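J.: Here is what each chain is made of, one letter per residue.
4 protein chains.
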Amino acid sequence: MCRWLAYSGTPVLLETILYRPRHSLIDQSLHARLGVETTNGDGFGVGWYADARDGPGVIRDVSPAWNNRNLREIASHVRSPLFFAHIRASTGTAVQQTNCHPFRHGRWMWMHNGAITDFHRLRRDLALAVDPVLFSQIEGSTDSEIMFFLALTFGLDQDPPGAVARMTGLVERLGREHGVRFPLQMTVAVTDGERTWAFRHSSEGNSRSLFFSSRVETLRKLHPDVTFLQEVSDGTRLIVSEPLGDLPGAWNEVPEGSYLVVHPGTDEPGRDHLRAFTPAEP
Amino acid sequence: MCRWLAYSGTPVLLETILYRPRHSLIDQSLHARLGVETTNGDGFGVGWYADARDGPGVIRDVSPAWNNRNLREIASHVRSPLFFAHIRASTGTAVQQTNCHPFRHGRWMWMHNGAITDFHRLRRDLALAVDPVLFSQIEGSTDSEIMFFLALTFGLDQDPPGAVARMTGLVERLGREHGVRFPLQMTVAVTDGERTWAFRHSSEGNSRSLFFSSRVETLRKLHPDVTFLQEVSDGTRLIVSEPLGDLPGAWNEVPEGSYLVVHPGTDEPGRDHLRAFTPAEP
Amino acid sequence: MCRWLAYSGTPVLLETILYRPRHSLIDQSLHARLGVETTNGDGFGVGWYADARDGPGVIRDVSPAWNNRNLREIASHVRSPLFFAHIRASTGTAVQQTNCHPFRHGRWMWMHNGAITDFHRLRRDLALAVDPVLFSQIEGSTDSEIMFFLALTFGLDQDPPGAVARMTGLVERLGREHGVRFPLQMTVAVTDGERTWAFRHSSEGNSRSLFFSSRVETLRKLHPDVTFLQEVSDGTRLIVSEPLGDLPGAWNEVPEGSYLVVHPGTDEPGRDHLRAFTPAEP
Amino acid sequence: MCRWLAYSGTPVLLETILYRPRHSLIDQSLHARLGVETTNGDGFGVGWYADARDGPGVIRDVSPAWNNRNLREIASHVRSPLFFAHIRASTGTAVQQTNCHPFRHGRWMWMHNGAITDFHRLRRDLALAVDPVLFSQIEGSTDSEIMFFLALTFGLDQDPPGAVARMTGLVERLGREHGVRFPLQMTVAVTDGERTWAFRHSSEGNSRSLFFSSRVETLRKLHPDVTFLQEVSDGTRLIVSEPLGDLPGAWNEVPEGSYLVVHPGTDEPGRDHLRAFTPAEP
Numbered sequence: 001m002c003r004w005l006a007y008s009g010t011p012v013l014l015e016t017i018l019y020r021p022r023h024s025l026i027d028q029s030l031h032a033r034l035g036v037e038t039t040n041g042d043g044f045g046v047g048w049y050a051d052a053r054d055g056p057g058v059i060r061d062v063s064p065a066w067n068n069r070n071l072r073e074i075a076s077h078v079r080s081p082l083f084f085a086h087i088r089a090s091t092g093t094a095v096q097q098t099n100c101h102p103f104r105h106g107r108w109m110w111m112h113n114g115a116i117t118d119f120h121r122l123r124r125d126l127a128l129a130v131d132p133v134l135f136s137q138i139e140g141s142t143d144s145e146i147m148f149f150l151a152l153t154f155g156l157d158q159d160p161p162g163a164v165a166r167m168t169g170l171v172e173r174l175g176r177e178h179g180v181r182f183p184l185q186m187t188v189a190v191t192d193g194e195r196t197w198a199f200r201h202s203s204e205g206n207s208r209s210l211f212f213s214s215r216v217e218t219l220r221k222l223h224p225d226v227t228f229l230q231e232v233s234d235g236t237r238l239i240v241s242e243p244l245g246d247l248p249g250a251w252n253e254v255p256e257g258s259y260l261v262v263h264p265g266t267d268e269p270g271r272d273h274l275r276a277f278t279p280a281e282p
Numbered sequence: 001m002c003r004w005l006a007y008s009g010t011p012v013l014l015e016t017i018l019y020r021p022r023h024s025l026i027d028q029s030l031h032a033r034l035g036v037e038t039t040n041g042d043g044f045g046v047g048w049y050a051d052a053r054d055g056p057g058v059i060r061d062v063s064p065a066w067n068n069r070n071l072r073e074i075a076s077h078v079r080s081p082l083f084f085a086h087i088r089a090s091t092g093t094a095v096q097q098t099n100c101h102p103f104r105h106g107r108w109m110w111m112h113n114g115a116i117t118d119f120h121r122l123r124r125d126l127a128l129a130v131d132p133v134l135f136s137q138i139e140g141s142t143d144s145e146i147m148f149f150l151a152l153t154f155g156l157d158q159d160p161p162g163a164v165a166r167m168t169g170l171v172e173r174l175g176r177e178h179g180v181r182f183p184l185q186m187t188v189a190v191t192d193g194e195r196t197w198a199f200r201h202s203s204e205g206n207s208r209s210l211f212f213s214s215r216v217e218t219l220r221k222l223h224p225d226v227t228f229l230q231e232v233s234d235g236t237r238l239i240v241s242e243p244l245g246d247l248p249g250a251w252n253e254v255p256e257g258s259y260l261v262v263h264p265g266t267d268e269p270g271r272d273h274l275r276a277f278t279p280a281e282p
Numbered sequence: 001m002c003r004w005l006a007y008s009g010t011p012v013l014l015e016t017i018l019y020r021p022r023h024s025l026i027d028q029s030l031h032a033r034l035g036v037e038t039t040n041g042d043g044f045g046v047g048w049y050a051d052a053r054d055g056p057g058v059i060r061d062v063s064p065a066w067n068n069r070n071l072r073e074i075a076s077h078v079r080s081p082l083f084f085a086h087i088r089a090s091t092g093t094a095v096q097q098t099n100c101h102p103f104r105h106g107r108w109m110w111m112h113n114g115a116i117t118d119f120h121r122l123r124r125d126l127a128l129a130v131d132p133v134l135f136s137q138i139e140g141s142t143d144s145e146i147m148f149f150l151a152l153t154f155g156l157d158q159d160p161p162g163a164v165a166r167m168t169g170l171v172e173r174l175g176r177e178h179g180v181r182f183p184l185q186m187t188v189a190v191t192d193g194e195r196t197w198a199f200r201h202s203s204e205g206n207s208r209s210l211f212f213s214s215r216v217e218t219l220r221k222l223h224p225d226v227t228f229l230q231e232v233s234d235g236t237r238l239i240v241s242e243p244l245g246d247l248p249g250a251w252n253e254v255p256e257g258s259y260l261v262v263h264p265g266t267d268e269p270g271r272d273h274l275r276a277f278t279p280a281e282p
Numbered sequence: 001m002c003r004w005l006a007y008s009g010t011p012v013l014l015e016t017i018l019y020r021p022r023h024s025l026i027d028q029s030l031h032a033r034l035g036v037e038t039t040n041g042d043g044f045g046v047g048w049y050a051d052a053r054d055g056p057g058v059i060r061d062v063s064p065a066w067n068n069r070n071l072r073e074i075a076s077h078v079r080s081p082l083f084f085a086h087i088r089a090s091t092g093t094a095v096q097q098t099n100c101h102p103f104r105h106g107r108w109m110w111m112h113n114g115a116i117t118d119f120h121r122l123r124r125d126l127a128l129a130v131d132p133v134l135f136s137q138i139e140g141s142t143d144s145e146i147m148f149f150l151a152l153t154f155g156l157d158q159d160p161p162g163a164v165a166r167m168t169g170l171v172e173r174l175g176r177e178h179g180v181r182f183p184l185q186m187t188v189a190v191t192d193g194e195r196t197w198a199f200r201h202s203s204e205g206n207s208r209s210l211f212f213s214s215r216v217e218t219l220r221k222l223h224p225d226v227t228f229l230q231e232v233s234d235g236t237r238l239i240v241s242e243p244l245g246d247l248p249g250a251w252n253e254v255p256e257g258s259y260l261v262v263h264p265g266t267d268e269p270g271r272d273h274l275r276a277f278t279p280a281e282p
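One line per chain: the protein sequences are A, B, C and D, in this order. This note's numbering puts the first residue of the first sequence at 1, with every later residue one more than the last. This note's numbering puts the first residue of the second sequence at 1, with every later residue one more than the last. This note's numbering puts the first residue of the third sequence at 1, with every later residue one more than the last. This note's numbering puts the first residue of the fourth sequence at 1, with every later residue one more than the last.
Hints were generated in silico from the structure; no laboratory data involved. These figures come from a predicted structure and were not determined experimentally. Beta carbons are placed, not taken as given, at the ideal position from N, Cα and C, and that holds for glycine. Please note: incorrect hints may appear among the correct ones.
To be verified - Partner residues aside, some chain A positions facing chain D, computed with beta carbon under 7 angstroms: (1) Gly57; (2) Val58; (3) Asn70; (4) His77; (5) Leu128; (6) Asp131; (7) Pro132.
Unchecked claim - For each label pair, taking beta carbons as the anchor points, the in silico distance ranges come out as: (8) D:Asp246 x B:His120: 32 to 38 angstroms; (9) B:Asp234 x D:Glu256: 47 to 53 angstroms; (10) B:Gln158 x A:Val261: 53 to 59 angstroms.
Same shape as in the complex, but just chain A (with noise of 0.2 angstroms):
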């Protein structure tokens, strides 16, 4: 479907993430590995803060990642401690500025790999279940604007695990009513420019992968030559649909049905942050 990742901690330009890892995302848009498809080429997006308290500045395009030259230039002059980047392979939805991820609200943001089954069939439901002051703000066609705009509704400003989970239980429901086995397959990123939350959850119980990175602590150990280990700061994190590279020890695979919180502020994220996530009813 689509590849993303989600970059906290030292502010760095966006290419030392985007372009400079070996499997870089930029490399998965023509080489996934381990998406559904190998070329991930309807569009991309990249969201950054420049700052904590303004909303965050958000590129979409409907060319490749891989040939935007566009994108090229704003990675390589701007400079970010936290920011998003998608890149989107369709399954069928049209190809449009609209469609592409991160999609935005105030402050937060919000990407999304995976599909809800049969989408055409519970589109009107769910989008009837968005509240009504948000709806007329739904630009595209994609199910994962609507799972956006339904965790807003549930109180994505109040408790984000939370308001996933109820979007999340919406989507079962309604599928199952329709008659649908697994209704839904994702893996979500959203954050508020501070805090980063990440989700792993499909009907199946089989979701589409995801991994975080260790702590920069134990491996600045591992890896005392990686200059980039020593730029940064002990609660830089990546949370990636697939590692960027093969150095041993980097990447951990978050368990199927949990949730990860990424906060370099104020904590140190790890193993302990990882949570279990239960869909829950609206």
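Keeping the supplied structure of chain A fixed, place chains B, C and D upon it in accordance with the hints.
T.: For chains B, C and D alone, coordinates are given in the frame of chain A:
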């Protein structure tokens, strides 16, 4: 807002109508005279029937019509007896292919110039009134596309003027319920590949401009030197947002609150084919 | 690098050839098997003759072929007896419409798969060899377009194989003068709207793949159940970078260092229409 | 033709200059007052320095500036002490990214409004005069890019005004040799990331409009209520194709046949920094 034209009659290369007239639609994309905006550069679309039995081909693009080379290529190599063309000036909704006109459903095409006032407030109620089976086929975010889906919901297939009247009636009613004084402003063209209907209506009784061409027979007598008039059949007809030139006697205004039917094969449209148009309760 | 196909014969809807075969050019845009790259997503082009007397219509776009809706519309509504289609994998030059194939000049079309080695070093000398009157019509920055303009300079209009041989000879000579061991790698198709010539050549004697379809007559006997073969004339022929399917007996390799002429109206191309191709001194 | 602006001074969000003024460059893309065309919708570009030591980031796109969401995102999230912005109205050359301004080479940026008369006749001779090493870096097909490469050839790095004078001299001479009465019409801005030079010249002595802003010191006294003037340093300066508003005393015309140097760090540009500009023999 936008500008459009609908042609039906003797098969011609699209460029004959789209590029050659002095004040062609392409010229109007840069220098509209009667529109709200002089520039209509937020995308364009052309839909044509190669054959009445097949559905139309529809090309839509977000670039301005005036500099699009593919449009020129198609226009100079495709011949059709019935085609629609539209240039867009967005009033805020995204510039994306799925927001470009004409819209298509089966053998039907639809295009629109105008706006639903405060559409963002009415959008949800209007979307809910669309047949649930059709709902999931909505791809864009414009009022124009929703109007088309409402007309389809209200029987476009059986009774085009009735379906458009019921769509209009719903918009008028919902608008007023939301406290909007003048909910609708529209000139709409719709075709099934054989007949074309063109509607001019606004709540305010002051609609966007709309013109249709005079009988070819009459024009030939007035302008025996105009080659084009010798080459096309008596039943050839143009309906346009604004005249493509200033040939005396060529253009007639569609009166406020009326609609026109054009059917080259079987009748001779004219003044007597203009009928009153009144919104109806859906 | 790229993939292309050239069709000539019974007029067909473009989609018959572009979309329907199992391993169609559209499929090759995502999953090429014999190319240098599996993905050919850096733009595409289609050029077709509506009528041999007119020049071709040429549609080119920077988006991938696989997700371009306008291409699908044209392919399902335009019928032609002779058309070229090309999908591009850029080797570094800009992804822009003027770098997409096929290139057109008057009634001629040209497309290419391959590369001039170290083109940036030869580019100026090659450009200087272009007829000064033609020079100003160069719009893009590819080696392929310069090769076309050199062929035009060297008499494409009078003697296509000779002109291509002289172009090739110049590239080979200039390349060697710049110390390039294997200056050229090419499969080229060129047409005047009636005949199509296809060349396979490389300095190294190891050219990109190129195939042509067997006589329709023969294929009909082999595969009496394939409807398409019943519907097209004996003279119908396809030349392709890689086979569109695996119908036994359908595809023949164009031998290294040879060229093929196809002319549906007047002859029966086949093995005997393959001729040796040798670069010539311009 | 086109419209452009060059800003240098206190680092500001790009939107402060690009979007906020009443008659901003974005407004000029739809409603230019002093240009040849009122619409400048054939692409745009923005180039900015994040830091004087790095080269500029350059974003260019073929869409109109007025409806480009990515431009708005960048403008509202990127801050810079020196940036160029350009909106294009093509006079026939392709609408493609490599024809959009500003052009970049190393730390240099260049943008242009105007035209070489009968460029298609002079193009080859001008291209031949470009340093052969630089030749292969030409990516587009505009006169503006060739002018930049000629200035680079003639010593832009060492002596910007001299290099531009020699480029201009060559165009004037070659033009006259081809029988062109008035070969050149130009307003050009060029920067190395620290200083900006702006030239106004035409063979006819009737160049496109060009303005520079008055000393901030003076303007503060005239307009104590304008917040922006309180926030920027004395050395802040704008050079524009046409004024961004009608603040009395804010805009001064660059005289015909002269050039301006702006260098916020080290001097106080003003009337005395205007110098005569005369084409020189290369």
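J.: Determine which of the earlier numbered hints do not hold for this structure and return their numbers in increasing order.
T.: 5, 6, 7 and 9
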